[in-house]
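Could you build the full structure based on these sequences and the hints that come with them?
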Amino acid sequence: ETGVTQTPRHLVMGMTNKKSLKCEQHLGHNAMYWYKQSAKKPLELMFVYNFKEQTENNSVPSRFSPECPNSSHLFLHLHTLQPEDSALYLCASSPDRDRGESPLHFGNGTRLTVT
Amino acid sequence: AQSVTQLGSHVSVSEGALVLLRCNYSSSVPPYLFWYVQYPNQGLQLLLKYTSAATLVKGINGFEAEFKKSETSFHLTKPSAHMSDAAEYFCAVSEGFQKLVFGTGTRLLVSP
Numbered sequence: 001e002t003g004v005t006q007t008p009r010h011l012v013m014g015m016t017n018k019k020s021l022k023c024e025q026h027l028g029h030n031a032m033y034w035y036k037q038s039a040k041k042p043l044e045l046m047f048v049y050n051f052k053e054q055t056e057n058n059s060v061p062s063r064f065s066p067e068c069p070n071s072s073h074l075f076l077h078l079h080t081l082q083p084e085d086s087a088l089y090l091c092a093s094s095p096d097r098d099r100g101e102s103p104l105h106f107g108n109g110t111r112l113t114v115t
Numbered sequence: 001a002q003s004v005t006q007l008g009s010h011v012s013v014s015e016g017a018l019v020l021l022r023c024n025y026s027s028s029v030p031p032y033l034f035w036y037v038q039y040p041n042q043g044l045q046l047l048l049k050y051t052s053a054a055t056l057v058k059g060i061n062g063f064e065a066e067f068k069k070s071e072t073s074f075h076l077t078k079p080s081a082h083m084s085d086a087a088e089y090f091c092a093v094s095e096g097f098q099k100l101v102f103g104t105g106t107r108l109l110v111s112p
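Just so you know, the protein sequences line up as chains A and B, in that order.
Residue numbers for the first sequence follow this note's numbering, beginning at 1 and rising by one.
Residue numbers for the second sequence follow this note's numbering, beginning at 1 and rising by one.
Treat the hints with caution; some may be incorrect.
Label pairs and their calculated CB-CB ranges [what the hints assert, rightly or not]: (1) Lys-40/A to Met-83/B: 20 to 28 Å; (2) Tyr-39/B to Lys-18/A: 30 to 38 Å; (3) Gly-3/A to Arg-107/B: 21 to 29 Å; (4) Asn-41/B to His-79/A: 24 to 32 Å; (5) Arg-99/A to Gly-62/B: 22 to 30 Å; (6) Thr-55/A to Leu-46/B: 32 to 40 Å.
Straight-line Cα separation of at most 30 Å, DSSO-like style, residue types lysine-lysine; simulated pairs [said to hold, decoys possible]: (7) Lys-69/B to Lys-22/A; (8) Lys-52/A to Lys-58/B; (9) Lys-52/A to Lys-68/B; (10) Lys-99/B to Lys-41/A; (11) Lys-18/A to Lys-49/B; (12) Lys-19/A to Lys-49/B; (13) Lys-99/B to Lys-52/A; (14) Lys-41/A to Lys-58/B; (15) Lys-40/A to Lys-68/B; (16) Lys-22/A to Lys-68/B; (17) Lys-41/A to Lys-68/B; (18) Lys-99/B to Lys-40/A; (19) Lys-58/B to Lys-22/A; (20) Lys-52/A to Lys-69/B; (21) Lys-19/A to Lys-52/A.
Bear in mind the hints are in silico, worked out from the structure with no lab data behind them.
Cβ atoms here follow ideal geometry from the backbone N, Cα and C, with glycine treated the same way.
This is the structure we're talking about:
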């Protein structure tokens, strides 16, 4: 039990589909993050929410749309994706975005394949 | 801006041998440094962190790392490798507010 749960674990979608990734944390944290992990590349920070407010959008294409209805839940809405968007999408949480000494807690990720 | 360099995308050791995974960082202010481990089909799990207290940091599973400011290094070591240590290891640096920068990772292979 990681404390951060991501669903689904695997997702295959066509380029015209619309799908959503879900993340839920049970740690009482106030900051939540989306990362993209592609083969042979460093982890890429996509979005940061702190106390439900989006504080960072790391130049992510608009076909990725995050939503954070409360501090425990984070969604990533996907539409008209490209094959190069296939990757492992990791959700993470931490007590507060501004506390750099606090480590991130990661979920197990959603393996996304775009066909 | 901070950055992290992990030397060697793959490191191979025999079971029982010393594990040494290298991490060098660049930071304009005293950094926070982290090592994470990722097992297949899982997310990243914190191994240990440096937050300016002791320079030698002990983590889970027998791993430790030493912060050396003069060398801007934070290498990860374990005296004796176990088969279960086979995984990918990521070094990360933070400069205050939580914007972690990760290295490209080092895959540790352990042979019997």
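Please work out if Lys-19/A and Lys-52/A have their alpha carbons no farther apart than 30 Å. 22 Å, holds
Take the C-beta atom of Lys-40/A and the C-beta atom of Met-83/B, compute their distance, and say whether it sits inside 20 to 28 Å. 25 Å, holds
Is the gap between the beta carbons of Asn-41/B and His-79/A within 24 to 32 Å? Since the Cβ atoms of Asn-41/B and His-79/A sit about 26 Å apart, the hinted range of 24 to 32 Å holds.
I want to verify a distance hint. Is the separation of the beta carbons of Gly-3/A and Arg-107/B within 21 to 29 Å? 26 Å, holds
Verify the proposed pairing of Lys-58/B with Lys-22/A, using a straight-line Cα cut of 30 Å. 34 Å, violated
Is 32 to 40 Å right for how far apart the beta carbons of Thr-55/A and Leu-46/B are? 22 Å, violated
Mind checking the alpha carbons of Lys-52/A and Lys-69/B for me, to see if they're no more than 30 Å apart? Measuring from Cα to Cα gives roughly 36 Å; hence the hint is violated.
Straight-line alpha-carbon gap Lys-41/A to Lys-58/B, limit 30 Å: 28 Å, holds
Taken at face value, is the distance from the CA of Lys-22/A to the CA of Lys-69/B at most 30 Å? Roughly 40 Å separates the two Cα atoms, so the pair is violated.
Under the criterion that the straight-line Cα-Cα distance not exceed 30 Å, is the pair Lys-40/A, Lys-68/B satisfied? 28 Å, holds
Proposed proximity, Lys-68/B with Lys-22/A (alpha carbon, max 30 Å): 40 Å, violated
Has the given pair, Lys-99/B with Lys-41/A, been kept, meaning a C-alpha gap of at most 30 Å? 18 Å, holds
Against the hints set out earlier in the document, violations occur for numbers 6, 7, 8, 9, 11, 12, 16, 19, 20.
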